[in-house]
Amino acid sequence: MRTELPQDISDFAEVAAARLARLGGPPAARLAETDHAVRDAARTALAEVGAFDLDVRSEADDLLAAAVLCQAAGATVLPYPLVEELLAVDGARLALVNPDAPRIDHGDLPGDWVAADLDGNRYRPRPASRTAAKLGPFLVPAFLGPPEGTVPARDINLHLVLGSWRILGAMQQSLQIVTDHVRARVQFGKPLADFQAVKFAVADAAVAVRGLHELAKFSVARPESTPLEVCSADALVLRLKAADTARQVLRTSHQLLGALGFCDESDISVLDRHTQPLIRLPLGADALALRLIPDVPAGALETLFSRPVPA
Amino acid sequence: MDYDLGDDAGALRSRLRELISTHMPADFLGACTDDPRDLAATEAFCKLLADEGLLALAWPKEHGGGGGSVWQQTVLREEMWAQHEPRGPQYMGVNWVGPALMRYGTAEQKAKHLSAIAAGDVTWCQGFSEPEAGSDLASLRTRAVPDGDGWRITGQKVWTSYALMASWCVLAACTDPDAPKPKRLTLFLIPMDRPGFTVRPIASMLGPHHLNEMFLDDVAAYPEDVLGEVGDGWRVMREALAFERVGIARYARCESLLDRLAAELGDDWGRLPESLRARWVKALVDLRVARLLAYRAVSLQDDPSAGAAASAARIATTTCDQQVAELLFDALGPTALDSGVSAPLHGAIEDHWRYAQAATVASGTIEVQKMLVSREELGEHR
Chain L
7 MRTELPQDIS
17 DFAEVAAARL
27 ARLGGPPAAR
37 LAETDHAVRD
47 AARTALAEVG
57 AFDLDVRSEA
67 DDLLAAAVLC
77 QAAGATVLPY
87 PLVEELLAVD
97 GARLALVNPD
107 APRIDHGDLP
117 GDWVAADLDG
127 NRYRPRPASR
137 TAAKLGPFLV
147 PAFLGPPEGT
157 VPARDINLHL
167 VLGSWRILGA
177 MQQSLQIVTD
187 HVRARVQFGK
197 PLADFQAVKF
207 AVADAAVAVR
217 GLHELAKFSV
227 ARPESTPLEV
237 CSADALVLRL
247 KAADTARQVL
257 RTSHQLLGAL
267 GFCDESDISV
277 LDRHTQPLIR
287 LPLGADALAL
297 RLIPDVPAGA
307 LETLFSRPVP
317 A
Chain E
1369 MDYDLGDDAG
1379 ALRSRLRELI
1389 STHMPADFLG
1399 ACTDDPRDLA
1409 ATEAFCKLLA
1419 DEGLLALAWP
1429 KEHGGGGGSV
1439 WQQTVLREEM
1449 WAQHEPRGPQ
1459 YMGVNWVGPA
1469 LMRYGTAEQK
1479 AKHLSAIAAG
1489 DVTWCQGFSE
1499 PEAGSDLASL
1509 RTRAVPDGDG
1519 WRITGQKVWT
1529 SYALMASWCV
1539 LAACTDPDAP
1549 KPKRLTLFLI
1559 PMDRPGFTVR
1569 PIASMLGPHH
1579 LNEMFLDDVA
1589 AYPEDVLGEV
1599 GDGWRVMREA
1609 LAFERVGIAR
1619 YARCESLLDR
1629 LAAELGDDWG
1639 RLPESLRARW
1649 VKALVDLRVA
1659 RLLAYRAVSL
1669 QDDPSAGAAA
1679 SAARIATTTC
1689 DQQVAELLFD
1699 ALGPTALDSG
1709 VSAPLHGAIE
1719 DHWRYAQAAT
1729 VASGTIEVQK
1739 MLVSREELGE
1749 HR
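Chains as they are written, first to last, in this note's numbering: chain L, 7 to 317; chain E, 1369 to 1750.
Any given hint could turn out to be false.
Label pairs and their computed distance ranges (CB to CB) [as the list claims (entries may be wrong)]:
id	chain 1	residue 1	chain 2	residue 2	range
1	E	E1694	L	R28	45 to 51 Å
2	L	P229	E	S1437	15 to 21 Å
3	E	S1643	L	P147	26 to 32 Å
4	E	T1474	L	R160	58 to 64 Å
Heads up, incomplete: computed chain L residues facing chain E, CB under 7 Å, no partners named [claimed, not checked]:
id	residue
5	T9
6	V213
7	R216
8	L221
9	A295
The hints are simulated quantities; they were obtained by calculation from the structure and are not laboratory data.
Where a beta carbon is used, it is the ideal one built from N, C-alpha and C, also for glycine.
Go ahead and model the full structure; you've got the sequences and the hints to work with.
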């Protein structure tokens, strides 16, 4: 067993993170809410690191590279629909939507879109305009129309998995901001980090993020022979854990940063607001859990004791 | 990356399950019961494992082990704990007393103890905790006073598991109360029948044999009893416990119990309230995460930069243990409190709930584990 990313992928992750960070991180993401040029610059940066040359559907190494790139995008709150473009269908970005209330993050960007729901139904979406929302400022309501064919389940799974890597990056960054803050902020004559209640909150968040990281690596490294039903359950499991972790870490972040964390210029505020679409859409944690219920008796949600699902 | 436990992991898992189903009673819930047949069953099973080269699977062959990998050891740990630890109290000798002897023991100590542990002939207990020294072990008060070439040990130990079953004890005592804390302690390997040892069981909700107190009244100790160097007990204890720092595979029993209860419920599982089935899903997700954190800790066990990986795994696993205990009780409803062979799963769920209460206390409290994780996250190195 090897639980470390391969060295070449770690090297790529470092280069990609440095390039995306040069865009300016959360402040640049905030600026992108009003300045369209920032999103163009984000696409340029992604192109420079080779994002759009990655074949995530058939090359295992490319998928790993895409995963760490999404992680870096999450950490820098990259204002660009990276996952959607990595999984483009015939040149059209693939959006994962909930047909009950279709929303597409960055759906206002020029270019074609294809939408799919978690059942794999394919739609031709007609995005409307942005709504100046605080949470998910780039979210665009969309009209779907009737289903037109299907999208492979593997694409849906990859969408959920890569989106979870974005959440992972965002939560690792949130935790870093929090630990920096509690070490620097002095109250009652000592750093916040010296208070046991603060230490425990940091530990709980850290264990959640470490667990998400291990699960994300496991989920992206499943062998090709893994049955599709198991891969689909894996993807939902990862997204559920990612959404749960995000809720916990962001809550901890806001609590420990105090009023500072709510300010628009706070990186935590930007991380929180811009990551909300990934946390809530197409389904939130509780709805994902309900969706996974049939996978328990079917054995698709694998445990040490579940009966093997035929390949 | 590769999350395969190895080509032979599947075969090993199957073999262990076969051995357990063939040789252990169907209603076995561990050695810690009032029925002496349960302890006898574990002793016989340890002999069987030893004959198959599986008891000390990961030990070097020169010490009577199987020369297996840490991942084979991981499979063994999972399968044993999942089935209520059919090795009984002997897992402690195999998992950390033996490895500690390999690293710190004298040639005579190795010759005397290692083959006995690997053969399944001996049960050890661990005399560390005291009434005034739980998490803060370095503050323990049991004194070893010089006496000729050796010492006379007087004091009290508490919460000692298996003390009435054990024939040997790894005993921590203070040999120099004036030394700095890290240099006060010495570890001794003492036979439990040495004069001056008294063991009293402590009745508890965990069940018999889990908790005992030991009184030491002028117990003789000799230079050949010392494990490591005199005054170096704190370091030996910390490093020796690192062999077990990832802890028992509680996630495996949780997954096993959930699987067994689902099988027993059959179609009725689908009639459980949706909210409860959603909790079931979330528990399985958390258990997978706990297992992966444990694998991460195992993969880093020889890495000095491993840091708090084992503590993170312990926090996740022990929390799951209690979460699953509540879930199983809620799924059973009115029969949850029933115990004994007529209870659901022969009382395994009721037994699990009681034992799970200790998960976040035993072998290092969750508070200590959180301190270790937070120190690493906050860049505090002490």
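message = The hint says 45 to 51 Å between E1694/E and R28/L; measuring C-beta to C-beta, is that right?
response = holds, 48 Å
ask   = For the pair P229/L and S1437/E, does the Cβ-Cβ distance stay inside 15 to 21 Å?
value = At 20 Å between Cβs, range holds.
ask   = Is the hinted range of 58 to 64 Å satisfied by the C-beta distance from T1474/E to R160/L?
value = holds, 59 Å
inquiry  = Tell me if the interface restraint on T9/L is satisfied: Cβ within less than 7 Å of some Cβ in chain E.
reply    = Because about 5 Å separates T9/L from the closest Cβ in chain E, which is inside the 7 Å limit, the hint holds.
request  = Verify the interface restraint on A295/L: the C-beta must sit less than 7 Å from at least one C-beta of chain E.
outcome  = holds, 4 Å
query = Is it true that the C-beta distance of S1643/E to P147/L lies inside 26 to 32 Å, as the hint says?
reply = Check passed, 31 Å falls within 26 to 32 Å.
inquiry  = Checking hints one by one. Is L221/L an interface residue toward chain E, by the C-beta closer than 7 Å rule?
reply    = At 5 Å from the nearest chain E Cβ, L221/L passes the 7 Å test, so the hint holds.
task = Could you check if R216/L really has its C-beta closer than 7 Å to a C-beta on chain E?
result = R216/L check passes; min Cβ-Cβ to chain E is 5 Å, inside 7 Å.
ask   = Minimum Cβ distance from V213/L to chain E below 7 Å?
value = holds, 5 Å
In this structure, none of the earlier numbered hints is contradicted; all agree with it.
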